[in-house]
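Here is how the chains run, residue by residue.
There are 2 protein chains.
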Amino acid sequence: MRVFLSGFGTVGQGLMETVVIKKDLIRSLTGEELVFAGAVDSKTYYIDPKEVCCFCALGTKASEGTVGHAKRDGKSVIDIMEQCEFDVLVEAGPTNIEDGGEGLANIRWALEHGKDVVTVNKGPLALEFGALRKLAEDNGCILRFEGSVGGAMPIINLCRESLAGLRIKSIQGIFNGTCNYVLSRMDSGLPFEQALKEAQQLGYAEADPTYDIEGYDTASKVVILANSVFGRDVTFKDVNLCGISSVTPEAVAMAEEEGMVIRLIGEVSGTKLEVSPRLVPRNHPLAIPGTLNMALIDTDMAGPITVSGRGAGRKETAAAILSDLIAIARQRKKE
Amino acid sequence: MRVFLSGFGTVGQGLMETVVIKKDLIRSLTGEELVFAGAVDSKTYYIDPKEVCCFCALGTKASEGTVGHAKRDGKSVIDIMEQCEFDVLVEAGPTNIEDGGEGLANIRWALEHGKDVVTVNKGPLALEFGALRKLAEDNGCILRFEGSVGGAMPIINLCRESLAGLRIKSIQGIFNGTCNYVLSRMDSGLPFEQALKEAQQLGYAEADPTYDIEGYDTASKVVILANSVFGRDVTFKDVNLCGISSVTPEAVAMAEEEGMVIRLIGEVSGTKLEVSPRLVPRNHPLAIPGTLNMALIDTDMAGPITVSGRGAGRKETAAAILSDLIAIARQRKKE
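Protein chains in written order, with the working numbering: chain A, 1 to 335; chain B, 1 to 335.
Hints may be right or wrong, so weigh each one.
Treat identical chains as interchangeable: a pair holds within one or across any two.
[What the hints assert, rightly or not] Calculated cross-link-like contacts (lysine-lysine; reagent style BS3-like; alpha-carbon spacing at most 27 Å): (1) K50 x K134; (2) K169 x K23; (3) K134 x K334; (4) K334 x K71; (5) K23 x K134; (6) K23 x K272; (7) K61 x K23; (8) K333 x K134; (9) K272 x K169; (10) K23 x K333; (11) K334 x K272.
Hint data in this document are derived by calculation from the structure and do not stem from the laboratory. Note that the coordinates shown come from a computational prediction; the quantities given were computed from them, not determined experimentally.
Generate the whole structure from the sequences, applying the supplied hints.
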């Protein structure tokens, strides 16, 4: 299986490290080798008709900050994919929730050219899921995206495969570790700004935290769940959205008096699509503190099923991508 | 897809009801009809070259206590399967942890004759997993058993499929709702006998509760996890086993003073295989009260992942079987 890797930030590097470390496991699970046919970052690329040397790519990144020595010089990722023989595109480039950006174009091109796709880039999924699903079907391609929601917390493939016999009535969850960290620090009486600063110092929040704090990240995730698990056709604009920057210490204190905490909850069902701070009873599964993600899946026949796991991180997201790659290899092998 | 149903107790009836109710969902997910070719209980059987009428079978069960009108008269389930054209055996007969009983013979026969198998009968899996797995491989058959551990809580297919890229280091869990109900009532100061009696009155515990209370049920489940998730080759006898009948109110009170509760924990890893009452910190995920099952899956790259769900019940176990049947239909369709 030949993989083309678009994006060589934290997640892209994590995937390459993982593939090196898990070479034997991958072979034993799929019966074949997983190699990189090419990799591209914002400035350079590295393609090889045999295979990319992962140590070289990771080494060049460490010493020079780029994946390879060939300059892109205005070449798009598609221009580079066109020069490369591969089976699966892993799209791990920057998320763009305005228009999907280059990631959307890459995924489209790959599906149109018969390549399977694994993406953790949320923009294309939140904006054009219906069109991409159809493109995959029409071209006999597989499109998987477990790592786009909940990092290492199993949710999408779980709902679509392991729980296939159940009708999922709703999913409520904590899908952003940054917001949850900030809110759980506010439980202890810290004001918002101070809790956020602490999250930034610990590396849980970006220098510009808007995307997380205002709920855009969580909103992308509920859109992906709505489209993939509930078969809806919605985009980012359809989400009832409120972030956490207006949560005050007074509100937290009032919640506490009632035995509640405030959490940023994403909720999706056949009709609902909402992200907002909500009161949650202190002993409820969704009152979980810290940076974990947690989802409560309500089902017709089995009542509530909960899952939790680390929602982000280099290794965690890489593991989700790898599970999708293994699933594709197994499925292709059976055909 | 033609299904032969061995066992028409709570779970077997629940499956038939579910298939009736979810006819459309099953067709939309698999592109085919799921029909019963035959069903057998301890005294009677009902086979039909076209398809079993589910309403008739459920009606006969309600009015006469049997699945059909044809008496078994010494015929084994195998004798009946031999007269029947079908694709998949669902083994939902009584669990026998001594020698696997008729369920083991049924599964063997089915795999030897090229039938796929879904089993919730734990005996055969706890005693002969290695041999059954090999038989399935040698005959190109699929063997699935999600409902045998944790009821509707996703665990086996989750670990083997959704988490395929991760190395699972250990699984610790609560796999028996009866024990957990009794222990969580003991948290409130009830003595063991009284908590057990309450569980029996509520229908959570059998009249003879030995199988649950002494940990045999949990032990079967850790054996199934050891063999299927960890690739070990162990049986029931290899489990370090201690049940909950010796947990005293004094022990519970001492635990409480330390901020702990007592729970019956099954633990399995590459080397460990243990079922015993353990002290668990009160805010730990495994301190969950009530009848839910809960598992904490520790992984190499993604740290801890938790899942919880209803561990037993007519509809819940039926849903797990149905998910396995849908997975088989999808896989067979792709081939």
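Hint by hint, here is what the structure shows:
1. K50 x K134: This pair counts as neither: shortest intra-copy Cα distance 32 Å, inter-copy 36 Å.
2. K169 x K23: Result: close only across copies, 18 Å inter versus 39 Å intra.
3. K134 x K334: both (23 Å within a copy, 18 Å between copies)
4. K334 x K71: This pair counts as neither: shortest intra-copy Cα distance 39 Å, inter-copy 42 Å.
5. K23 x K134: Only across copies: K23 and K134 sit 25 Å apart there, 33 Å inside one copy, limit 27 Å.
6. K23 x K272: Between copies, since 26 Å is at most 27 Å while 42 Å is not.
7. K61 x K23: Answer is within: at 21 Å inside a copy they meet the 27 Å cutoff, but 54 Å across does not.
8. K333 x K134: both (23 Å within a copy, 20 Å between copies)
9. K272 x K169: Cα proximity of K272 and K169: one copy only (10 Å, versus 38 Å across).
10. K23 x K333: For K23 and K333, the Cα distance is within 27 Å only inside one copy (18 Å; across copies 30 Å).
11. K334 x K272: So K334 and K272 fail the 27 Å test inside a copy (38 Å) and across (34 Å) alike.
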